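2 protein chains.
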Amino acid sequence: MPPAAARTRPRKEIAAPASPWEAGRKRGLGRALKRDAVILAAARAFREHGYHQTSLDDLAASLKVTKPTLYLYVPNKEAILFECFKAGLAQIQVSLKDCEGAGGPARERLFAFIRAYAAAIVGDFGWCMLRAEDQHLGAAMSRRIKLLKAGIDKRMRALIDAGVADGSIRACDTRMTAFALAGALNWMGHWYREDASLKPLEIADRFIDVFNKGLRGHE
Amino acid sequence: MPPAAARTRPRKEIAAPASPWEAGRKRGLGRALKRDAVILAAARAFREHGYHQTSLDDLAASLKVTKPTLYLYVPNKEAILFECFKAGLAQIQVSLKDCEGAGGPARERLFAFIRAYAAAIVGDFGWCMLRAEDQHLGAAMSRRIKLLKAGIDKRMRALIDAGVADGSIRACDTRMTAFALAGALNWMGHWYREDASLKPLEIADRFIDVFNKGLRGHE
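These protein sequences, in sequence, are chains A and B. 1 is the number of the first residue of the first sequence in the numbering used here; add one for each residue after it. 220 is the number of the first residue of the second sequence in the numbering used here; add one for each residue after it.
Calculated from the structure, these hints are not laboratory results. This structure is a prediction, so every number in the text was calculated from the model and none was measured. Among the hints, erroneous ones may be present.
[Claimed, not checked] 25 Å max Cα-Cα, derived PhoX-like pairs, lysine-lysine:
hint, chain 1, residue 1, chain 2, residue 2
1, A, LYS199, B, LYS373
2, A, LYS199, B, LYS418
3, A, LYS213, B, LYS365
4, A, LYS213, B, LYS373
5, B, LYS418, A, LYS154
6, A, LYS154, B, LYS432
7, A, LYS146, B, LYS418
[To be verified] Away from chain B, derived, C-beta distances all over 12 Å, residues of chain A:
hint, residue
8, ARG35
9, THR66
10, GLN93
11, VAL94
12, ASP98
13, ASP195
[Unchecked claim] Distance ranges between label pairs, derived from CB positions:
hint, chain 1, residue 1, chain 2, residue 2, range
14, A, HIS190, B, LYS316, 20 to 26 Å
15, A, GLY151, B, ALA369, 30 to 36 Å
16, A, VAL94, B, LEU417, 28 to 34 Å
17, B, LEU417, A, ASP166, 53 to 59 Å
All C-beta atoms, glycine included, are put in the ideal place defined by N, C-alpha and C.
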């Protein structure tokens with residue numbers, strides 16, 4: 001249970017997306033759009049207040065609907081976190097597919113992926129992607145998240161392997177290189193602030209500079 | 220509250236250090252040693268079961284003392300987590316001081332620090348160092364942890380700055396370089412397993428290879 005200080009901290013208003021239920025009454029918007037709105041509002045609330053500190057009541061209120069209405073779209077809070085995780089991952093998977101399928105040296109395709117990953121990790125679903133595993137989920141849910149993450153790791157490593165094969169990346173420990181890259185990028189979730197001077201793509205470019213050229217000066 | 224699955228998961232025995240209370244009865248070991256044993260046993264239990272899933276009762280049992288005995292050494296669980304965090308940090312601070320004070324190019328001193336950091340992060344207090352901030356601590360405790368972490372970041376960046384100044388590190392964004400390095404190292408806490416083929420210093424050397432020489436192959 002969170003300490004009293006965390007529970008009684010004054011809440012900032014959750015920056016929920018415009019509620020499609022209000023619009024829907026006028027324009028008959030579909031179920032998928034409403035479900036997406038639940039997922040997005042949840043992602044923002046989890047990032048702002050934490051997963052355990054966000055109740056379905058908070059979420060319903062931010063969307064101006066009742067809690068029973070939420071249950072028409074999602075079975076429980078754990079399932080919402082998983083959907084947030086998957087929504088973030090879907091962005092990464094689309095970028096990966098683009099980078100895998102593009103022409104040119106694999107190193108350039110890897111760097112394009114790094115840029116896309118940096119943008120995704122600081123986006124609405126970034127917090128859920130990075131923190132979902134830490135939220136004491138049930139064993140089955142944790143396993144599914146780990147599996148999906150491992151799939152991304154594997155494809156990232158395959159891009160590095162392709163770079164070694166085409167000569168655009170020098171021979172290196174490709175597994176450790178993938179971990180170093182993923183760590184550098186995921187760590188952004190701990191220090192990145194939206195009001196900072198560097199935007200995600202600029203940060204990615206600084207990282208790419210370091211990883212591409214290395215640090216050594218004169219010998 | 221953790222889901223039922225997490226709470227009822229069968230517990231592995233906590234690998235607590237030998238209890239100095241038992242030895243103490245024979246040899247009169249001191250208070251500081253007993254307090255250290257509480258901190259170390261807690262660090263291992265937190266890593267094994269998670270902070271919220273470890274009770275002071277569990278901890279007392281693992282040390283074969285009563286809970287009131289624990290209170291002779293630590294006021295509450297939050298304070299224990301903070302002590303674990305500080306114990307891990309103390310290792311890092313000692314290494315930093317060594318590296319700052321050593322002779323030779325700053326790049327080599329930075330790499331020596333990376334090795335020490337990798338060893339510390341997978342050690343007994345590594346989990347607490349990486350995860351203390353995520354445990355819904357009170358605001359005052361969170362602030363103290365953030366401040367101590369920021370101090371390490373600052374000194375790591377100063378080492379990189381010194382490398383740029385002495386020419387052993389090429390001109391780069393030293394702040395982003397420090398974040399990339401810290402991210403790569405801290406991410407070990409998510410994937411490193413004690414039974415893995417690479418030991419912490421070998422992993423550090425692979426990282427150093429990547430960060431030193433960069434990834435680019437032929438142009």
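So, going through the hints one by one against the coordinates:
no., hint, result
1, A:LYS199 to B:LYS373, "holds (21 Å)"
2, A:LYS199 to B:LYS418, "violated (36 Å)"
3, A:LYS213 to B:LYS365, "violated (31 Å)"
4, A:LYS213 to B:LYS373, "holds (23 Å)"
5, B:LYS418 to A:LYS154, "holds (21 Å)"
6, A:LYS154 to B:LYS432, "holds (23 Å)"
7, A:LYS146 to B:LYS418, "holds (23 Å)"
8, ARG35, "holds (23 Å)"
9, THR66, "holds (24 Å)"
10, GLN93, "holds (20 Å)"
11, VAL94, "holds (23 Å)"
12, ASP98, "holds (20 Å)"
13, ASP195, "holds (16 Å)"
14, A:HIS190 to B:LYS316: 20 to 26 Å, "holds (25 Å)"
15, A:GLY151 to B:ALA369: 30 to 36 Å, "holds (35 Å)"
16, A:VAL94 to B:LEU417: 28 to 34 Å, "holds (32 Å)"
17, B:LEU417 to A:ASP166: 53 to 59 Å, "violated (26 Å)"
Violated hints, listed in ascending order, are 2, 3, 17; each of the other numbered hints is respected by the structure.
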